[in-house]
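Using the sequences and the hints, build the whole thing.
Protein chains in written order, with the working numbering: chain A, 1 to 354; chain B, 1001 to 1288; chain C, 2001 to 2278.
Some clues are possibly wrong.
[Unchecked claim] Okay, the calculated beta carbon distance ranges per label pair: (1) G314(A) with P2104(C): 23 to 31 Å; (2) L2039(C) with N1176(B): 45 to 53 Å; (3) I2193(C) with F1063(B): 49 to 57 Å; (4) R1033(B) with V2033(C): 35 to 43 Å.
Because the hints were derived from the structure by calculation, they are not lab data. Cβ atoms here follow ideal geometry from the backbone N, Cα and C, with glycine treated the same way.
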Amino acid sequence: MATLELVHVVKKFGDFTAINDVSLQVDEGQFVTLLGPSGCGKSTLLNMISGLEDVTAGEILMNGKVVNQLGPYERDVAMVFQNYALYPHMSVAENIGFSMKLRKRPKKEIKERVQSVANMLELEHLLHRLPRELSGGQQQRVAIGRAVIREPSIFLFDEPFSNLDAALRIKTRGEIKELHQRLGVTSIFVTHDQEEALSLSDDIAVLSAGKLEQHGTPEEIYSRPASKYVARFIGSPQMDIFAGNFVMKDNSLWYQIGEANMPLPIDFIAPPQQVDMGIRPEYVLLGTKGFPASVRLVQPVGPFTYVTVDWQGGSVTARVNGVSHLKVKEALHVEFNPEGLIFFDRASEKRLDI
Amino acid sequence: MGLWFTAPALLILLTVLAYPIVASFVLSFQRIRFAGEGLSHQFNGLNNYAELLSNQLFRQALFRSIYFTLVEVAAVIVLALLVALMLNHPLGRNAFYRVVLLVPWALAPVANAVLWKWIFNTNYGVLNAILMGIHIIDKPIVWLGSPWLALNMILMADIWKAVPFIALLLLAGLQNIPIHLYKAARLDGANTWQQFVHITVPGLKASIVISIVLQSIWALKVFDLIYVLTHGSPADSTVLLNYLSWRETFSNLDIGYGAAIANVLFIIMFILALIYIRALRPRQIKEK
Amino acid sequence: MIPYGRSLKRFLIRLGLATFALLALSPVLWGVVTSLYPLSSLTSRPPDLNPANLTIENYILVFDTSRGLFSGLVNSFIIAFFTSAVGLVVGSAAAYALARLNIPGRNQILLMILATQMFPGIVIAIPLFLVMSRLDLVDTHFGLIMVYLSFILPIVIWILKGFFESVPMELERAAAVDGATPLQTFQFVVLPISLPPLFATGVFAFIESWNEFFFAIILTRINVKTAPIAIAEFSGQYTTLYGQMLASAVLASIPVVVLAIIFRRFILEGFVEGAIKA
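Dropping the structure here:
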């Protein structure tokens, strides 16, 4: 088990800067997800943590010691790859035991350890099979087994679920979480799936174009996103964001979006700069109170229904419990729960604490 | 670390190739004679080159080599393309045809030469037998005995042997053309010929270029056939550059002169190789 | 019109395929068939192809005489075997290094290797002969193998490099994380999954070495006479012994043709890889 610290890490490929000054701290036993869209640099960052890629500038520390010069094995990290990277010519048992074989451990010891790891991952009956004879989920467990047997200080996962179908993905997600709870090893997990990040992590680091946008607990990331980027990336469906102005009317402060004026709390103080407003679907209420609106789209997703309505300020999506019987073009009213309002500085796109 | 991996290979290549290439260059400027136990090297300036330029045999060998190369490349590519197209067709997918391809390819050039020598034999060869049998000719033709004919018979024998490899190369190129392009074209109403012109040929461009360059280089290297079939006769009419260089060096023992001819051949191939490298470079998409 | 056109096309293709097979195989078959007849049958007019005359006397004669076909076959085997074996070992290591390990001067080395394919053997043959005679390497197995390696190695390296580059990097990364050195990665992970192209390249190298003639006649005299030289001798000096001439050619060709057929899938796949990678 180890702590991990990234200090002003930079990575350049020629002229292209993949990672632009990222600093991050991970405590012992934490499960941290690096989250971001394709190309944001999360896999590059993971490769640098593992030692498979060099660092252009900055330091990587494990347990307080600088490890920039060390290779992956010396850093005592183990990795689960996106495409599993199982050795195709070796059996499951040989795949898992390969690292021990390289260290020339006695055959008996290898056999015992492989057996116990296989038992833990329910692979005992597959030990003699070749990777191509296994299903996707089984292959993934072998990849995990290969990492687990190392008893490393840090686990690294590089988008391990992207090749699984949806149902299997959720099941395996649960298994990984259980594994982490059982073994308690510091883990760094890379994904572009924000739902995955939210459900698995102790902490999430949101990345965009090589920069760290926000680092915090899932709750913080969700409810108090640091920027519009984070706000839009997390949460499905996306947060709706409106560009409006503060206006004074009838001695009260309103936020005007398009033709609609939104009431603001009495103690609300308007900031001087231009501000955007965002709100998540669960804070959008449909009913008889509020702004007039008409239904544009109804999307049921099992326990909820997402209803998109057109109102004076544009269009917004609301989350309704259960199945909705609303029809397109139906007229109703939409209201916004003030607790869910999040304001962003229009220029810097950062969230404002109001 | 990687250097250890490459060291043995580089060592062999450098010792066996590097020195001789340089030495060949040097030798071509020398006049070499046998003196006692060894050789005397006498600096001869550009005389060797002057000699070959003025030498009629050299000029004829040069033209013959060019003729040989041009005809062979054209014939091989056309025939190989036909073969590749047939083998790419569902009817031709049978493994049998691939085996058929491999047989001429695997033969030693010398064995190939012997085969054709037998077929072209004036008195007992099957070519004359067939032609006389169906009454196209009434007297046996001395295939390897008349100047122009002999050269073209050698050409034929080499084409026969060269087609399989190029056919395989073109076949690989054909199989790289995505099938859905043809499907889309069919839906757009293209017939077989149009599909060939607009999809197959452009898709094969790279393979064809590579084939042209490779086959040209190989055509210039022809040796075994000449050695076995004609030894250059009749009247030196089948002497090509490569063979000439060998003969001057190892038969006539005019080493410097032979080296000069070899270097001329080298230059020709070098230019071809440059074309090869340029053709292989991935083309940048030109913005208009 | 359409159904008619399609079956016409199919007929033409079948015809084309048959013609192709006929043209490709008949010279060889003719050579094999006539090698099984005694000289008298072949030289009578018209040739007496009565199956009753079939005989293997040519083949026996070919070995009988001191023409050296037997030693030619043995020599060819030794040369081809060692050239392809050493070529594979040395070449695969170099190919892997060029594909995966960061070597200073990588591009220059690659260019040099490419360049070696582009000049005629005669250019180096002359000085090589001079040097080797001084070193007493003419007419030795070692000498010829070294020379053959010089033009086989670049091909081996080129083909294998292309293949090694197509091995998923993730696999090698996983090995690195498991603690493997580059050598161990090469030995335990890359090589085992590269057996088909390794085989193909080895067979290709064997065939090329076996068939080689030009350097063989320049650099050998008596001890290391290879099969192609023996064949050429049959056809040169004894032009009237057609049967034996053909028999020697057939005998010397059988090994390589058989090898090519057995490993055809590997070879054909190797060509595809090599052609694309080139």
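To see whether the hints hold, each was checked on the structure:
About 60 Å separates the C-beta atoms of G314(A) and P2104(C), a value inconsistent with the hinted range of 23 to 31 Å. Range check, L2039(C) to N1176(B): Cβ separation about 50 Å, and the 45 to 53 Å hint holds. About 51 Å separates the C-beta atoms of I2193(C) and F1063(B), a value consistent with the hinted range of 49 to 57 Å. Range check, R1033(B) to V2033(C): about 51 Å between beta-carbon atoms, so the 35 to 43 Å window is missed.
This entry does not satisfy hints 1 and 4, going by the numbered hints stated previously.
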